[in-house]
Structure formats: C-alpha cells, structure tokens
Amino acid sequence: MADHAEPVIRLESVRKEYPDGTVAVDSLDLDVREHELMVLVGPSGCGKSTTLRMVNRLVEPTSGRVLVTGEDVMTTDPVALRRRIGYVIQHVGLFPHRTVGQNVAAVPALLGWDANRTKDRVAELLDLVGLDHAVYAGRYPHQLSGGEQQRVGVARALAVDPPVLLMDEPFGAVDPAGRRHLQAEFWKIQRALGTTVMLVTHDIDEAVRLGDRIAVFSQGGHLEQLADAVTLLARPATERVRDFVGTGRAVRLLGIGELAPEDLDPLPARTGAGPDEVAPDLAPRDALELHGRLDDAFAALAASGGQPVPVLGEDGRPLGLLSMTGLLGALRRITAEAERDAA
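So the sequence shown is numbered by the numbering used here: it starts at 12 and just counts up by one.
Because the hints were derived from the structure by calculation, they are not lab data. This one's a predicted model, so the numbers in the text were calculated from it and none came from an experiment. Watch out, some of these pointers could steer you wrong.
Computed Cβ-Cβ distance ranges for the label pairs, DEER-style [what the hints assert, rightly or not]:
{"id": "1", "residue 1": "Asp143", "residue 2": "Ala188", "range": "30 to 38 Å"}
{"id": "2", "residue 1": "Arg150", "residue 2": "Pro30", "range": "22 to 30 Å"}
{"id": "3", "residue 1": "Thr80", "residue 2": "Ala347", "range": "18 to 26 Å"}
{"id": "4", "residue 1": "Gln154", "residue 2": "Val262", "range": "12 to 20 Å"}
{"id": "5", "residue 1": "Ala203", "residue 2": "Thr33", "range": "34 to 42 Å"}
{"id": "6", "residue 1": "Ala347", "residue 2": "Gly231", "range": "31 to 39 Å"}
Cβ atoms here follow ideal geometry from the backbone N, Cα and C, with glycine treated the same way.
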C-alpha cells in the first residue's frame, strides 16, 4: 500500500444533519490513501454508512467537502461519478432477469464498450472472483448461492477498473463459513488489483482481518480512533473503542498477526534440505508458510497435538519449527511493535 500526499478520498470537516435535527456525521476529517483498504466500523446508527454514501453522492453532506481523486463530488455530475466508483451492498442488487454475464457487463455497456472487449472483461472478472465464466456467465441470479451472488456483485463493481470501490456490509448476508471464505478471497483480490476500498461493517473481527487501517465511529458520527489493526487491538485510544473492541483482543491478534523468522525454533540437525524432509513426524501438508497468519499457525499447532510445526520459505525449503512458545512470542512481538509505533 502506497502512502501518497494526495489521498484518493478526502473528507474535510464533513457534517450530515437531517431536517429533524439528527446529526449522522459530525465534523469528520478522513483520508483514504491510494491502494488502501479502509474499514469503517462501529455500532448501528453511528454514521459509517452515511459517510460511505456521501462519497458517491447517494447522500449529500450538509457542510464540508468530499473529494474523490481531487474533485469535489458536489461539483461532479452524480451519474458520471457513480459510473466510475464501484459499489457493493449487502444484498447485492443484481438484476434478476439478466444473466450473470449481463449483470457484470452493465456498466461497460453504459460506457459504450464494444462487445468483444466487454466479453473478455466479463470472463476475466468472473474467473478472478472464483466463478468459471464458462459455467456461470449464462446463469441467472436465482440459480446462485448467496456467496456466489456476492462474488458476482464484486465482479460487477470492478468491471471498469474503478479507482474507488465502496462496500456496505458486503458479506453480511452470507453464512459464517462462506463469509470467512469470501473475506479471504476478497482480501487477495484487493491486494492483486490495488483498488482503493472503503468498506463498512459492524463486525470488529471482519474489520481487523481486512483493513489496512480502521476508522472506529461512535454514535453521532464521531471518529474515535483511526489506526492499523494491530494498534487498534493493542492500544485502544478511548474507552468507547475499548468497549467496542471488547475482550479477547489477544485472540483477535491471531487473525491479523504474521509469522516472522524470529518466532521460529531452529531445525533439528537431522532435517534435510528438501521440502519432503521438513520433520520426521509431520507430513509436508502440515507445514506452514512464513508470513502466514497466526490463526492458521494456531490451527496447525492444535492439529499436531501441540508438537512443533515446520515452517517453509517461498522456495518450499524448511526454515524452522514453530512451537506454542514461539506462537506466544509472536503475539508479544506484534503487541510490543504496536506500542512502540504508537509511542
């Protein structure tokens, strides 16, 4: 993720007050950097979805400015603005009487893309989100599972390679197992494409798993804390953030922390150099990859009965063994790093 002087999205002293006097967002300053996945999180009614919708003018601010790629959205034609901003909502909103391929092709068609270019882009995007275009392009939304529909929604939002993707509770309608899988797949897609994303969720676990930075809102549209996931969990800035993050912060760190070389024990002298010799008592499939997430490491250690698990480098060669002691050390390391960064 690059840190540029000029953000892709900038909110300057933004306020949204409704005619009945309700203040949804109050004096919000927020920058979203190029290639960043920014998550807005907080309890219901805290203004996070309102903030998201002010970016594409589905809601207009009462005061302040919202800039997208340097342009004030209030001086931009709203239809043109929305065509270059991807938008994914919880219930997808696919056109029921159009095929999957036609749904994904909707915006390219509006922009006048020719048939061959559109067909190629549809195939590319369906494959990217894990749906074989030869199988799915001709199907209709009612023939898909909830998770498959959500994948089509993401593909449609990415159709014209928008500089900004807005997502409002995008995985909320999917069952827990499918939700976790979709989160992981979307995280990989976003990393591969580098799309700038602003995502709304009420789920702190989803926020810390996906976000490069996380903006925690409280009632009345107040920004309580803006931080990366590790800092948020290790050093909540206010009592409201601490209450929202809740207990079990160390467990949540497992889902975002990554293994590092210093977490590993040395390999036994008898271990060979090839990936098939990573450990005499563990099959190669039990091995972990360096920089893998700590929750995967915890699962592997649990499956091994607490015995050390081999860790492989990018070339498939063993680098060391991870023990339960090493896993606890990794948690202490990332917490200490967050505290140093925040000091």
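Results of checking the hints against the structure:
1. At roughly 21 Å, the beta carbons of Asp143 and Ala188 sit outside the given window of 30 to 38 Å.
2. The hinted window of 22 to 30 Å between Arg150 and Pro30 is violated, with their beta carbons roughly 44 Å apart.
3. Taken as a hint, the range 18 to 26 Å is violated for the pair Thr80 and Ala347, whose Cβ atoms sit roughly 38 Å apart.
4. Distance hint check for Gln154 and Val262: the Cβ-Cβ separation is about 39 Å, which falls outside the suggested range of 12 to 20 Å.
5. The hint said 34 to 42 Å for the Cβ distance between Ala203 and Thr33, and at roughly 40 Å that hint holds.
6. Taken as a hint, the range 31 to 39 Å holds for the pair Ala347 and Gly231, whose Cβ atoms sit roughly 34 Å apart.
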